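K.L.:
Residue strings, one per chain:
2 protein chains.
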Amino acid sequence: MRLSELSRRSGVATATVKFYLREGLLPPGRRITATQAEYGEEHLRRLRLVRALIQVGGVSVAAAREVLAALDDDSLDHNERLGTAVWSLPHGRPAGPDEAADPATARRRADRLLELLGWGYGPATETTPPAYGMLVTAIAALERLGYPCTVEDLEPYARALGRLAEHDLDLVERYGGTPDEQVEAAVALTVLYEPVLLALRRLAEAEESRRRFGSH
Amino acid sequence: MRLSELSRRSGVATATVKFYLREGLLPPGRRITATQAEYGEEHLRRLRLVRALIQVGGVSVAAAREVLAALDDDSLDHNERLGTAVWSLPHGRPAGPDEAADPATARRRADRLLELLGWGYGPATETTPPAYGMLVTAIAALERLGYPCTVEDLEPYARALGRLAEHDLDLVERYGGTPDEQVEAAVALTVLYEPVLLALRRLAEAEESRRRFGSH
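Which chain is which? The protein sequence lines are W and B, in order.
Quick note: the first sequence, position 154, residue 154 per my numbering, numbers continuous.
When you read off a place in the second sequence, starting at 1, and then add 1000, the result is the number in my numbering.
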């Protein structure tokens, strides 16, 4: 398909598609004349993923480029590609100015939690996923703002998300036929389900608060 | 305590504390001289909440002011204040430019899900919480980006978050002695646990992907 059809089918403006091409977020099409190129279904899929990352996930262009590089890295096996792409997803919200406070306590807590779960990360190393750093920062913020949490407080959340991860991966297998499509689906679904989860949590809390404190 | 001590104990720069006072995010202290005011523990608590909202939650100053107004509204009973404060929490990430696409299908799906759960919202009305709009937008984004989800796909997430909400409210009761403190804790914990949840989800997915596709 031509650029105009790619734009129409994806709902992304042609100027934006051209911007993504220039920024290397979308591979170039197959050139057919000096001024025209041909795009395939893989471009459409990739374009949807880029929009999920940038528009829903709040990920920067530079960070999206890194995630896509992990996704396209042929030197990794399927599991490694999938894990690396999801791990390397940056947290959309930039850390606050003093989030750099020493997170030693938070780090120990995160390590003990992961050990308890048997999630096999152990203390941080070079290959520690960004999601681990995100967890440490979040635990440190709770501590700093007067709501210290113990490993026991965190465990129910981790167990519940562990069970939901099975469901997440079932969806990945459903949407992704080929290994390439599966890796793309894993990244897109990770990002796209985040606001679903956060919204459902707030509704669930309001419901539980009504049950517990409601007068009617 | 004086402003300098409030700043020291909260870890928030005096210039920032003054900015929050000017913006009405922090109630004024008790004036003791023409140039000095006295602040109490309630100021410290409120300051921590404001930082949770703005720095961790990515909420704007204007939106934080609205949440705090719901929290201070004496015309509401405890459950209503708690529910309203959590409901009125805006989603930190601004919606993308075309998130305004007709969400009729997404809305029907959200309504059927809430009905199935018995969460008692029914179709959107004037008092529908922002979290409902956040859910509809998130479902519409999944649909638009080629990953349509059914009510059955969403149900396991909702059930899991429903169970976690009991745990959330246990924490609220533990941290909040007085009803005022409970409402503040509910808002702070809702925001502060969001990155914890998202980080644990990514780690859980990587773990599940290793189990399912890993070669070692």
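Hints were generated in silico from the structure; no laboratory data involved.
Values in this document were obtained by computation on a predicted structure and should not be read as measured data.
Please note: incorrect hints may appear among the correct ones.
Claimed, not checked - FRET-style restraints, in silico, Cβ to Cβ:
(1) W/Glu66 x B/Glu1115: 38 to 46 Å
(2) W/Gly120 x B/His1167: 20 to 28 Å
(3) B/Pro1027 x W/Asp73: 50 to 58 Å
All C-beta atoms, glycine included, are put in the ideal place defined by N, C-alpha and C.
K.L.:
If a hint holds in the structure, say so; if it doesn't, say that too.
P.N.:
Status of each hint after checking the structure:
no.	hint	result
1	W/Glu66 x B/Glu1115: 38 to 46 Å	holds (42 Å)
2	W/Gly120 x B/His1167: 20 to 28 Å	holds (25 Å)
3	B/Pro1027 x W/Asp73: 50 to 58 Å	holds (53 Å)
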